[in-house]
Amino acid sequence: MENILTIENLTKDYGEFILKEVSFQLPKGCIMGLVGENGAGKTTIIKLILNLIKKDGGSIQIFGLDNIENDPALKEGIGVVLDESNFHDNLKSTEVSKIMKNIYNKWDEALYFKYLNRFKLPADKKIKEFSKGMKIKLSIAAALSHKPQLLILDEPTSGLDPIVRNEILDIFLEFIQDEERAILFSSHITSDLDKIADYITFIHNGGLIFSQSKEEMLDYYGIIKCGTDQFQLIDKEDIVGYRRNSFGCEVLIRNKRENRLKYRDWVMDDANLEDIMLFHIRGEKN
Amino acid sequence: MKGLILKDIYNLRRSLNTFIIFILAYSIFSYATGNIAMLMVMSVFLMSSMAISSIVYDDLAKWDIYALTMPVTRRQMVLSKYILQLLLSLISALTAGFCALLVTSLRGDLIGLSTILDISLDAYIAFLASLVYLSVNLPLIYKFGVEHARLLMFGTLFIPIGIIYILDKMGVNLPSLEDLKGLLYLSPLLLGLVLILSISISYRIYRGKEM
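Residue numbers (our numbering), protein chains in the order written: chain Z, 1353 to 1638; chain A, 140 to 350.
Bear in mind the hints are in silico, worked out from the structure with no lab data behind them.
Fair warning: this is a prediction, and the values are worked out from it, not measured in the lab.
Please note: incorrect hints may appear among the correct ones.
Stated by the list, open to error - On the chain Z side, residues computed to face chain A include the following (Cβ under 8 Å):
1) I1405
2) K1406
3) K1407
4) A1425
5) K1427
6) L1434
7) F1439
8) N1442
9) E1447
10) K1450
11) I1451
12) N1454
13) I1455
14) I1548
15) L1630
Unchecked claim - Heads up, incomplete: computed chain A residues facing chain Z, CB under 10 Å, no partners named:
16) K141
17) G142
18) K146
19) N150
20) D197
21) L199
22) A200
23) I204
24) A206
25) L207
26) V211
27) G247
28) I344
29) Y345
30) E349
Cβ atoms here follow ideal geometry from the backbone N, Cα and C, with glycine treated the same way.
Go ahead and model the full structure; you've got the sequences and the hints to work with.
Written out as structure tokens, the structure reads:
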């Protein structure tokens, strides 16, 4: 499987915050969720990919080419949606198209207006009259209308209601249907990623916790609910993190399959992405 | 590049409409008073801050970080502001010159070659001044941001005026406009140099900016 994006040992030193040697690959036809709490380094990674800030080490390849040497030509093939609309309030959607037509070689006006129609966005209203959801939809229409191969989304669904979020997620699923394109999707709304992500890359405090397929991840982690006495019996090697409450303990366990046999008589649930994140970040460690 | 300039023109639409109303009002005023010099100076002065206004709009929308995710270079981002101002200064100088000629002829004054030359010269000087103003201020804006550069911009406008005023009061013999006419022939070259210097400083600052 060919990679659309390859990141190796990516490092950025801000002094008070360091992104430390992060590596991952995004294959064609996939959606990768980039998760982590606020300030973990997700936006720093996205900015480095887009050459908006300077890296202090490592390499980034997009479509097999170095992202700095081939900037800005590479950007013809990338669509970007940031966490807010960056179009000026006084512009109208029709004017956005005229501007973009003069920026992107492959701008497809008909496709853009098709998206506007689909999103029910008015062509003749100024953007300042748009709701937050409409603004994000406009950004998505703009990001898709030059037919990019890679879509990079920085928290595009935060602050949107579930209906709009679902509509947007459907668009992303359609986008990768032809198996030639890919999406890097940063979000802390884990339920969105549960729905659409094929891969999860988890960043914490500037370091990579893991980058693997969602299936593998869900297969790997499990949650044991037990009393404090039982907790003492769990092999420390198996514990990722745990939380105590008035009823006992909740423990995130690695190697779920093997440990199902080991802790045969215990209650072991599947863990979802949110559990895995929470236990890694907030759970107590041994 | 064309897309960037188009975006600025859409954003400045309202200011450009104000400019048209202003120039009509000032033309009527000039017709009544016979003073056309002010028409030239004020119209170009109004237009000279347009590129700076466009940067204010870009800041409000957080446009630059978004634009740089597109196939646009940092050099083009900087250059587009200079080209925008060059275009707007040219248009305002031509419009003001045309209005001045119109006002003069409506007043029934004789329009000879010398009148046309005088008006053209006024328009040209106003055009030069607006671009020099931009060339001094744009690097400051790129360095300090529009908010912080405001005070400095105020300084770049009034300090030279203040110095000339003080020198004049001290009895220093300042060169008259007639003396400066020789410089006029050199002015396109000088303006070119000032612009190139300003663009390269602005680009150097902008190139190193982390978005």
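- Against which earlier hints does the structure fall short, listed by number upward? When the structure is compared with the hints, numbers 3, 14, 15, 27, 28 and 29 turn out to be violated.
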